[in-house]
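*Asks:* Letter by letter, the chains look like this.
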Amino acid sequence: MVLASTLVLSAPFAGCRPRPSQEAVSPPPVRPLSDVLAAHTPELMKLPGVVGTAESRLGDGRACILVMVVRLTPELGRRVPRTIEGWPVRIDETGEIHAMPDSGQ
Amino acid sequence: MRKSHRRSFMAVLVLALFAVLVAAIAGCSNASELRAAFRAQEANTPGLMGVPGVVGTATTADDQGHPAILVLTEYALGSGRLPATLDGYRVIEAITGKIVAYKGHGGSSHTAKQTPPIQLGTSGGNVNDIANGFCCSGTLGALVAKGGTQYILSNSHVFAGDVVSGGNGRVAQIGDDVNQPGLVDNNCSSANTNIVADVSSLSTLYPPGSTPNVDCAIAQVRAGMVRTDGAILEVGTISASTVAAFVGQAVKKSGRTTGLTRSSISALNATVSVGYETECAGSSFTKTFTGQILVTNTASRFLNSGDSGSLMVQDVTTNPHAVGLLYAGSSSIAVANPIGDVLSHLGASMVGQ
Numbered sequence: 001m002v003l004a005s006t007l008v009l010s011a012p013f014a015g016c017r018p019r020p021s022q023e024a025v026s027p028p029p030v031r032p033l034s035d036v037l038a039a040h041t042p043e044l045m046k047l048p049g050v051v052g053t054a055e056s057r058l059g060d061g062r063a064c065i066l067v068m069v070v071r072l073t074p075e076l077g078r079r080v081p082r083t084i085e086g087w088p089v090r091i092d093e094t095g096e097i098h099a100m101p102d103s104g105q
Numbered sequence: 106m107r108k109s110h111r112r113s114f115m116a117v118l119v120l121a122l123f124a125v126l127v128a129a130i131a132g133c134s135n136a137s138e139l140r141a142a143f144r145a146q147e148a149n150t151p152g153l154m155g156v157p158g159v160v161g162t163a164t165t166a167d168d169q170g171h172p173a174i175l176v177l178t179e180y181a182l183g184s185g186r187l188p189a190t191l192d193g194y195r196v197i198e199a200i201t202g203k204i205v206a207y208k209g210h211g212g213s214s215h216t217a218k219q220t221p222p223i224q225l226g227t228s229g230g231n232v233n234d235i236a237n238g239f240c241c242s243g244t245l246g247a248l249v250a251k252g253g254t255q256y257i258l259s260n261s262h263v264f265a266g267d268v269v270s271g272g273n274g275r276v277a278q279i280g281d282d283v284n285q286p287g288l289v290d291n292n293c294s295s296a297n298t299n300i301v302a303d304v305s306s307l308s309t310l311y312p313p314g315s316t317p318n319v320d321c322a323i324a325q326v327r328a329g330m331v332r333t334d335g336a337i338l339e340v341g342t343i344s345a346s347t348v349a350a351f352v353g354q355a356v357k358k359s360g361r362t363t364g365l366t367r368s369s370i371s372a373l374n375a376t377v378s379v380g381y382e383t384e385c386a387g388s389s390f391t392k393t394f395t396g397q398i399l400v401t402n403t404a405s406r407f408l409n410s411g412d413s414g415s416l417m418v419q420d421v422t423t424n425p426h427a428v429g430l431l432y433a434g435s436s437s438i439a440v441a442n443p444i445g446d447v448l449s450h451l452g453a454s455m456v457g458q
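Listed in order, the protein sequences are those of chains A and B.
Quick note on the working numbering: the first sequence kicks off at 1 and runs consecutively.
Quick note on the working numbering: the second sequence kicks off at 106 and runs consecutively.
Next comes chain A alone, as it looks inside the complex (with noise of 0.2 angstroms):
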């Protein structure tokens, strides 16, 4: 159970590192993060399975996009890009978002 709730924990912490050669391959950003999400939010929203992107930040702070996802699956894990115009990209699956109101009989 310790064990189950530290894998819980960590997994948020996990998904914020960039993936392997990101930074060797990756130019600097030029434009703000804020211009670059709008700009690829739409087609980012698109993809199956993905319900949201933000501006976030990677677990040593630095500043990036985050893509949420219903369940990560290999093909999102493909299709989304691992930066975008120089900004990393994480990826968190968040499952489905939805409104909470209780209800009962």
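Treat the hints with care, since some could be wrong.
Label pairs and their in silico Cβ distance ranges [stated by the list, open to error]:
| no. | chain 1 | residue 1 | chain 2 | residue 2 | range |
| --- | --- | --- | --- | --- | --- |
| 1 | B | T422 | A | P74 | 45 to 51 angstroms |
| 2 | B | M154 | A | G95 | 42 to 48 angstroms |
| 3 | B | T254 | A | A39 | 39 to 45 angstroms |
No lab work stands behind these hints: they were computed from the structure.
Cβ atoms here follow ideal geometry from the backbone N, Cα and C, with glycine treated the same way.
Assemble the complex: chain A is given as a structure, and chain B must be docked to it using the hints.
*Replies:* For chain B alone, coordinates are given in the frame of chain A:
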């Protein structure tokens, strides 16, 4: 499900504490030494528990690996209040603070019927939000003012969530009664609940392509039914001014299901596709919001079903500033409208100090 989450979390904590204590003493003592230490601890516990500020005892190991008696205290007792040794075992003080039952929130019930004028951060909703064999409710989040009149602030999908005639032959209307507690906490009946306000705004959500980029609604307060200072359960009064969110900002909220909970802002400027129903247990639709605030919601401990409509404020003790209006999430993130967007849409201001 929510209770099982709490039980699981508590079980993990207990196991973790147990594991730490076992690990601390396992490698340094044999079984007979441990049993002797346990006996010494048990024999001295009544006397130790009689010392003001002591909230518990345990057996542990000192920094040399020798068994020792651990005394849990609400606050630092100061020198001389505890013996240095008992029955030959070193006494070690651990300041734990007061130990309380883990209920996911503090002592205040967020689902019980209150005696008016009520505090907010409590169960509530539209008394007609019942369809398809189910009833739905959320949280009465905060108090706002508009043109000198006070309104309860919550989500559109809480006050005006019924947007099709569908399963109950009606849609939410201006003037619908808002009750406390909500239907889900009164066996889907509004009988004997407090009718505290009347719905004053309609859906910002439907049709899903509609312009508003917020999930908010207000209900005009009925005289004497809601505290005019806008006090929120376990938060108290808030500031009349608001503050913008930033990544890493510590926040808290008071909601119907999880009570008072704390977390931090994880992302900003979010575009999110949020799932809704056209009425209680109705058909599904999605609406996409932009410029939203994301909050860490590990295992739904910050926000869970029924917390919709909770006001998110700074995590400070006195008169916190409002940051956002919570309305959606998953088991890992919670989503809030920036409070500035909400107030601009409504033409309202926070009621506070």
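*Asks:* Evaluate each hint against the coordinates.
*Replies:* Each hint, compared with the structure:
Look at T422 of chain B against P74 of chain A: about 48 angstroms separates their beta carbons, and that is inside 45 to 51 angstroms. Between M154 of chain B and G95 of chain A, the C-beta spacing of about 45 angstroms keeps the proposed range 42 to 48 angstroms intact. In this structure the supplied range 39 to 45 angstroms holds for T254 of chain B paired with A39 of chain A, their Cβ-Cβ distance being about 43 angstroms.
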